[in-house]
Amino acid sequence: MVAAGLDHINQGVTIFDQDLRLVTCNRSFLTLLDFPEALAAPGTPFAAFIRHNAERGEYGEGDIEQQVAERVAAAQRFTSHDTRRQRPDGTLLKIQGFPLPHQGFIALYSDITEAERQHAQIDRHQAELEGHIRERTAALTDANTELKAAIEANHQITAALQHSEAKLRLITDTIPAHIAYFDASWTYRYANKRYAEWFGWTSQSMVDQPIVDVIGETLFRQVEPHVRRSLDGHEVTYEYAITSTTGARIFARSTLLPDINPDGEVIGCFVHAVDMTEQRRTQNALAQAQKMEAIGQLTGGLAHDFNNMLTVVMGNLMALGDALGDAPETSEFVAPCLTAAEGGAALIKRLLAFSRQQPMEAQPVEVNELVLGMARLVRRSMPSTIALSTASHAADLIALADPNQLESALLNLALNARDAMPNGGELRIESSLDTLDASAADELEVPPGDYVQITIADNGTGMDGAVLARVFEPFFTTKKFGMGSGLGMAMVYGFVKQSGGAIRIRSRQAVGTQVALLLPSAPAGSQSITPPKNAKDLDIDLRGRVVLLVEDDPEVRKVVRTQLASLECTVLEAENGYEAADLVENVPEIAMVLSDVVMPGGMDGWALARFVRRFRPEIPMILMSGYAEVGERHQDDSSAPLLEKPFTREKLAAALNRRGAR
Numbered sequence: 001m002v003a004a005g006l007d008h009i010n011q012g013v014t015i016f017d018q019d020l021r022l023v024t025c026n027r028s029f030l031t032l033l034d035f036p037e038a039l040a041a042p043g044t045p046f047a048a049f050i051r052h053n054a055e056r057g058e059y060g061e062g063d064i065e066q067q068v069a070e071r072v073a074a075a076q077r078f079t080s081h082d083t084r085r086q087r088p089d090g091t092l093l094k095i096q097g098f099p100l101p102h103q104g105f106i107a108l109y110s111d112i113t114e115a116e117r118q119h120a121q122i123d124r125h126q127a128e129l130e131g132h133i134r135e136r137t138a139a140l141t142d143a144n145t146e147l148k149a150a151i152e153a154n155h156q157i158t159a160a161l162q163h164s165e166a167k168l169r170l171i172t173d174t175i176p177a178h179i180a181y182f183d184a185s186w187t188y189r190y191a192n193k194r195y196a197e198w199f200g201w202t203s204q205s206m207v208d209q210p211i212v213d214v215i216g217e218t219l220f221r222q223v224e225p226h227v228r229r230s231l232d233g234h235e236v237t238y239e240y241a242i243t244s245t246t247g248a249r250i251f252a253r254s255t256l257l258p259d260i261n262p263d264g265e266v267i268g269c270f271v272h273a274v275d276m277t278e279q280r281r282t283q284n285a286l287a288q289a290q291k292m293e294a295i296g297q298l299t300g301g302l303a304h305d306f307n308n309m310l311t312v313v314m315g316n317l318m319a320l321g322d323a324l325g326d327a328p329e330t331s332e333f334v335a336p337c338l339t340a341a342e343g344g345a346a347l348i349k350r351l352l353a354f355s356r357q358q359p360m361e362a363q364p365v366e367v368n369e370l371v372l373g374m375a376r377l378v379r380r381s382m383p384s385t386i387a388l389s390t391a392s393h394a395a396d397l398i399a400l401a402d403p404n405q406l407e408s409a410l411l412n413l414a415l416n417a418r419d420a421m422p423n424g425g426e427l428r429i430e431s432s433l434d435t436l437d438a439s440a441a442d443e444l445e446v447p448p449g450d451y452v453q454i455t456i457a458d459n460g461t462g463m464d465g466a467v468l469a470r471v472f473e474p475f476f477t478t479k480k481f482g483m484g485s486g487l488g489m490a491m492v493y494g495f496v497k498q499s500g501g502a503i504r505i506r507s508r509q510a511v512g513t514q515v516a517l518l519l520p521s522a523p524a525g526s527q528s529i530t531p532p533k534n535a536k537d538l539d540i541d542l543r544g545r546v547v548l549l550v551e552d553d554p555e556v557r558k559v560v561r562t563q564l565a566s567l568e569c570t571v572l573e574a575e576n577g578y579e580a581a582d583l584v585e586n587v588p589e590i591a592m593v594l595s596d597v598v599m600p601g602g603m604d605g606w607a608l609a610r611f612v613r614r615f616r617p618e619i620p621m622i623l624m625s626g627y628a629e630v631g632e633r634h635q636d637d638s639s640a641p642l643l644e645k646p647f648t649r650e651k652l653a654a655a656l657n658r659r660g661a662r
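Just so we're aligned, residue 1 is where the sequence shown starts under the numbering used here, counting upward by one.
A portion of the hints provided could be inaccurate.
[To be verified] Quick list of the computed label-pair ranges, beta carbon to beta carbon:
#1 Y238 / D396: 46 to 56 Å
#2 P88 / Q66: 17 to 27 Å
#3 P101 / R281: 32 to 42 Å
#4 V546 / V467: 53 to 63 Å
#5 Q86 / E239: 22 to 32 Å
[Said to hold, decoys possible] Once the Cα atoms are required to be at most 20 Å apart in a straight line, the calculated EDC-like pairs of lysine to aspartate or glutamate come out as:
#6 K193 / E224
#7 K193 / D208
#8 K497 / E407
#9 K651 / E568
#10 K558 / E644
#11 K558 / D305
#12 K558 / E573
#13 K558 / E585
#14 K558 / E568
#15 K651 / D322
#16 K193 / D275
#17 K558 / E579
#18 K497 / D402
#19 K94 / D34
Read the hints as simulated data drawn from the structure, not as lab findings. Remember, predicted model here, so these are calculated numbers, not experimental data. Even glycine gets a Cβ: it sits at the ideal position worked out from N, Cα and C.
Can you make the complete structure from the sequences, with help from the hints?
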């Protein structure tokens, strides 16, 4: 039965003894590597297979004898190996070798380009095997002329079969596959070590056990229709999830192959199962990456134009505020409009960061101090029915993160917790240091090491499994229309992943939700960076400086020109890169260039920066953009700093002052 199960595996198998001579090989091996039948004879040297491959160019150009010698020497080490090799016909093979204790080694060959084309050869091999058995039975019957000789022959055959059974069990336990067999009464008759361990059994204890007792009633209800169909004579493949004895979630795919006797009766089924957990994880990661890419393309396409519009709006509002002075209209009308415009700019920036279209400004952040500050802010937005508390389980918790994005993420999580407690409850924010070992880090897909953990927990309504599975999905929300965009949790996820961290979330309905952000811990000795002095406090003297302003949008150009004029700069204007280059060459009085990045006409801001560096290297240059083209910026060698739109007059002045004082 074990031999029949082995022959149903679509991988090629060979067994060589300690002298590197063939003991046996299966049909799949000959087919996968296109070897002639003559080489399959027991006793064939391992070198004969290698020489056959070398002579037909399987290993590329080179000395054939050297190729043979190198591979034979490697095989004589009898060590485990796992390699891939592409054949000249394009077939990609996975080759795994496993030493057998004091017996030689077994090699497994898998065609990973077309993995399910071996069933016909398996059936033919089964028929040949049955023919051999019938021939042996006839020979034994003819030879059974004397009782003593018959008994002796029977003892010899029994010993050989037991030895073969033990050998085949060793093989199936060594092969990285999950194999089992159950009969028509839905009872297991065989399971290899890997398959049995999935369900917390041993190979021996699973024999004679009903399927339902081994896999449990919950999983049995899922697989029962597939088992029934396979016992009707159909090959069946299906997927399912199990929880291992260690608590790990395993996604598996099983193929059931009916075992049909010569009378056409299904007497059982062979089971060949594969662990799909890593593949499922990869698929989920790819789906999330595709969603992020879609958001990035959408946001990136809008960011430039939207930020240009905000530049015009904010610039004119600031000019209006200057004109009105201390009039009541300034605080009543102008200030709220400016606040709203700045909020729009911050939203675009968060969207770009979330979709990884804009880099995070990571720096050492004192987490305990930030959490306390956020708690004061959050407390003002909480109703009196919600109790807010904070706790730190370690001092000097310094994380590497963008402080503004971290504050936004914590505020988002706190407001979500508030909405989950309409009748009141408890909101707790805690900070601690968490050290991830290799296993925990691999599960979270981050490097091992120290991480600062910030946990936001509530005892609100909680989420069911279906909602929890989609919680980080962009535009997914359970809130009423107008109450949420579905981007909050997605932005939190994007911020954490881009920061090189991880996020854990646990939730139960009617119990509450706990979200833990894990951010990389700053190296020992790092200190939190003090925010820079406000731009309007800087000692700025730009009077009389000739600034070349390069901007294709006339409204944006007008606003920036007004801001430069208010700083007492002399302004020259150009609406594209070529006009600006001409002025740079012919106007020696130009002291600084302020240019947009994205411009029509074939010369963008990066190209202009390279031109200025080459022909007027003494002129400092600043690039401004509504969308930080990260890829181009890193490829460019212009060293021109980037001023992100929209910007205030103070930020413009600070940028000019820093650049002009270089």
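Here is what the structure says about each hint:
Taking 46 to 56 Å as the suggested C-beta distance range, the pair Y238 and D396 conforms, at roughly 53 Å. Separation of P88 from Q66 is about 19 Å and conforms to the stated range, judged on CB atoms against 17 to 27 Å. Restraint check, P101 to R281: a C-beta distance of roughly 34 Å satisfies the suggested window 32 to 42 Å. For V546 and V467, the hinted distance range of 53 to 63 Å is satisfied, since their beta carbons lie about 60 Å from each other.
For the pair Q86 and E239, the supplied restraint of 22 to 32 Å holds, since their beta-carbon distance comes to about 29 Å. Between K193 and E224 the alpha-carbon distance is near 23 Å, which puts this suggested pair outside the 20 Å criterion. For the hint linking K193 to D208, the alpha-carbon distance of about 16 Å falls within 20 Å, and the restraint holds. Between K497 and E407 the alpha-carbon distance is near 16 Å, which keeps this suggested pair within the 20 Å criterion.
Distance hint between K651 and E568 is fulfilled; the C-alpha atoms sit about 16 Å from each other, no more than 20 Å. Our distance criterion of 20 Å between C-alpha atoms is met by K558 and E644, whose separation comes to about 17 Å. A hinted pair counts as satisfied when its Cα atoms are at most 20 Å apart, and K558 with D305 qualifies at roughly 16 Å. Taken as a hint, the K558 and E573 pair is honoured in the structure, with Cα atoms around 10 Å apart against an allowance of 20 Å.
This hinted pair does not check out: K558 and E585 have alpha carbons roughly 24 Å apart, beyond 20 Å. Taking the CA atoms of K558 and E568, the gap is near 15 Å; set against the 20 Å cutoff, the hint holds. With a C-alpha separation of about 16 Å, the suggested pairing of K651 with D322 holds against the 20 Å cut-off. Between the alpha carbons of K193 and D275 the distance comes to roughly 14 Å, so the proposed pair stays at or under 20 Å and holds.
Of the supplied pair hints, the one linking K558 and E579 holds, its CA atoms being roughly 17 Å apart against a limit of 20 Å. Simply put, K497 and D402 have alpha-carbon atoms about 12 Å apart, close enough for the 20 Å limit, and the pair holds. Between K94 and D34 the CA atoms are separated by roughly 15 Å; this keeps the pair inside 20 Å, and the hint holds.
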